[in-house]
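Engineer: Starting from the two chains in their separate frames, assemble the complex, guided by the hints.
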Amino acid sequence: MANKGLISLDELVGQIGDGAMLAVPPDYSGVAMAATVSLIRRGVRRLHLVAVPTSGLQAEWLIGGGCVSTLEAAAITLGEFGPAPCFAEGIRAGAFVMKDSTCPAVHAALQAAEKGVPFMPLRGLIGSDILKHRHDWQVIDNPFSAQDPIVLLPAIKPDFALFHALLGDRHGNVWIGRRRELMTMAHAAAASLVTVERIYDGDLLADETMAAGCLPGLYVQSLAHVPRGAWPLGFADEYALDADEVRRYLQRARSPDGFRSYIADWDRPGSHDVVAAE
Amino acid sequence: MSFSTQELMIVAAAREIRDRELVFVGMRLPIMAFGVARLSHAPRAVGLFECGVVRYAPADGTLHTMADPPNQLGAAWTTGTVQVMGLMQGGRVDAGFIGGAEIDRYGNLNTSYIGGIERPKVKLPGSGGAADIAAMAKRLLVIMNHEKHRFVERVGFVTSPGWLAGGEARRRAGLAQGGPAAVITDRAVLRPHGPDHELHLASVHPGQTIDGVRAATGWDLKCLPGAGETPAPGERELAALHTIDKDGFWR
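If you read the protein sequences in the order shown, they are chains H and L. So in the numbering used here, spot 68 of the first sequence is number 68, and the numbers just go up one at a time. So in the numbering used here, spot 159 of the second sequence is number 159, and the numbers just go up one at a time.
Simulated from the structure, these hints should not be mistaken for lab results. In this text, a Cβ means the ideal position worked out from N, Cα and C, and glycines have one as well. A couple of the hints might just be wrong.
[Said to hold, decoys possible] Partial chain L-side listing against chain H, Cβ under 10 Å, derived:
hint, residue
1, G80
2, G86
3, R119
4, L124
If we strip away everything but chain L, and leave its shape as in the complex, we get (with noise of 0.2 Å):
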């Protein structure tokens, strides 16, 4: 079966959401892989929408926004922001899924700025709920394109925390659970691995090279011991997608 890259990372996305678990989804891709877990894997896991919708069932249609009303037809719950952020502030939340623009060797994220808050070459969208979710689910996932200027040794501006500067930093912070579990790219999967929390290669998709992956990361990436090739979309995997994606807009 063939499948795009953008369709192997969502399938690869969906993997670490695990059945029953309450998650924190962001928009685009996170919403995406929610979706497929849901119709393969995980049917019993709960999708929280920071506008305040919790669901069950996929949404059926294309979403602009997460309040739109295909996202509300069928809700297990439409509430406020406040209710769905006080799940997580009060410990529910089993894994956060957010993208970003920037990412460094400890997982902390960038939407901010680029180029420092002081004269910023970019200014990015903002934190919306991000740094709230990095700070408070028990693991978060992260999603976003595997490039050079993307991956990089420190982030210019820490908008949503991961692992800080490694090792005990984080719960130094005063952050008492969480921290990054997985970041999945167009080109490989990536772990925090070691009492350190670097993040190291744990899988490249079929097609890349570890070497290839080295070169469009921007610290010196190591290999998690027996990391591999990650597992190509299942026939399951696939048609959890194309429910979802009726448009084809990821093919």
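Okay, chain H solo, but in the shape it has when bound (with noise of 0.2 Å):
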């Protein structure tokens, strides 16, 4: 694909059309939250988002922005901060459909589309009501073995990955260092869009060290360099989640206005001065 190389934070996320299939990661992973905001202040809609494997802020954000008709996760939480409220409510009103998955299961049908199979076997699932509700999957006996029931798993193919990473380079290498996830999803997405905390001078791939957790320039589409672009969420050694700012964020969000004055006004910290220095 086109590496379209350094742009834009909104030149970045303008890529991402209504309707597209976006596969996120799960918060520990590096999640593009000053993009997701971009997004949601875009008005992008109808988004088929998939959880890699699960999700929190973002896809509450998304949602909370009518952004999203499809939401594929293993599981939405916030974790200590309690019920996620536009999660909540959007499965209430029926504003979205709900594909319930589980952490190997979505990881698994990426692996189909990674590998270019239409499906993907998974050890697992049997028993549980969520394959009994994902009528997309399929139970076959194994042709190898006798009664052994095994389930199937269609590809999950997104139009995007989009990650926060720590490293890109200007040749669009993209350091990931420990974060597989992201490897996986950006193997299975048509193309990658990645905000990184700062640009390597030089390049990724042809340091030793650092080229065994880089995904390679030809996944990625486009780069935008954001520092604290995981914000409010902490980021790998940079730094921790801001929780005042989530609880600030709860707080806010228990009204419909509420959550858009909070959208409108969300301002990361240190980003006036990132653009004064570029």
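Structural biologist: Structural data, given as structure tokens:
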């Protein structure tokens, strides 16, 4: 795919059109929160959001912004902060289609796309009502062995993987380190859109110690330099979750107007310094 | 030595982990239980975390998520969800340790929908990896609060399969191994008993009564022969817990 190189945050999310299937990582893995706010402000609609394999604040905000028509996830949780209000209200109101999944099921379906096979067999899931309600999943008899039912999951082929990473270089290579789910997402998606904490001056793949933790630029359609791009979520060793900000959000999200004004006012720390510097 | 109910719960849960076992560890109380087991009777147990972390020693520091830096520092392996789940799918995981919101007589767990999927009263977070852990770990260990609305005759939605309808139902469904082995609550320890695998009262915690536990259970809870009192945490167990719980969060 054509690597469009380093662009602005608004240009980056501008590529995500209405109706796109968007794969996003769990709260611990580099969530592109600044990009998420930009998407909501632009008013994107009918997203098919795939949490790889779970999501929290990002799914909550996209749902609150009315951006989501289908949500596939193993879990949606704000953890210690309690119920996610827009998600809960959306379920109650039937505002989007909820496709309940499990962590390995989401990964397996992405691996099918990664390998170009139409489906993936997965051990487990049997006995769970999740399977009963997923009419797109099938149980077959293992063709190689008797009395061994096995679940088949159709491939998930996202249009975009969207995430935040520590380092990106001018060739579009992105250093993801330990976060292997980002690699699976990127391999499965048609294109990856990545915000990065810092620009690496050089070629990440030319450095022996960095190369193994790199997503090669051939998967990356666009990169934007967005320091603190995962805030208010935490990001690896860089910054911790901003619990006060999450509580501020929950306070204001008690009404739809409160949610809208929260997103309108949202401003990540230091964003103006960066604009000035660039 | 004094201890809180939650500390007793953690210690009782830790006792379910055997030395040298590979244990799939869920968040919150299961993480603490794994840590106590490692630092007391199971020094060679190995903990697997769904985010891709494999640990020997418990993390040094408070965790909001299982991928927080303290849980990665000093890890035995930092890999991906696919790889750690693969250890379980390949049949290598001895025990899975998870929490629940609603459980029934046969140890089926619901973390998806309260009040049915069509018109849910409450949407719970979902499975995460729990459905898979429940299906594939050789033993399932559950830790949760014991209240009548949580301990029900039949869960409204089976997120994580236990013994399903009891008896041979789990095996007949196609799950070749595993099943709930113990449920540790803030009041008692329950275990499946007999060919039906129905959960029975195995021990009541100090300060609780059999009648009290039965009153907090939504089915006609029977007692295992010889059900007694859960042993109070020993000195070594509490010391292990205090080593991990530096801030006294669970005291």
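Engineer: None of the hints should be skipped; say for each whether it holds.
Structural biologist: Hints and how they fare:
Annotation: L:G80 was flagged as interfacial toward chain H, and the flag holds, the nearest CB pair being 3 Å apart, inside 10 Å. At about 8 Å, the closest approach between the beta carbon of L:G86 and any beta carbon in chain H falls short of 10 Å, and the interface hint on this residue holds. For the restraint placing L:R119 at the interface with chain H, the shortest Cβ-Cβ distance is roughly 9 Å, inside the 10 Å limit, so the hint holds. The beta carbon of L:L124 comes within 9 Å of a beta carbon in chain H, closer than 10 Å, and the hint placing it at the interface holds.
In the structure shown, no violation is registered for any of the earlier numbered hints.
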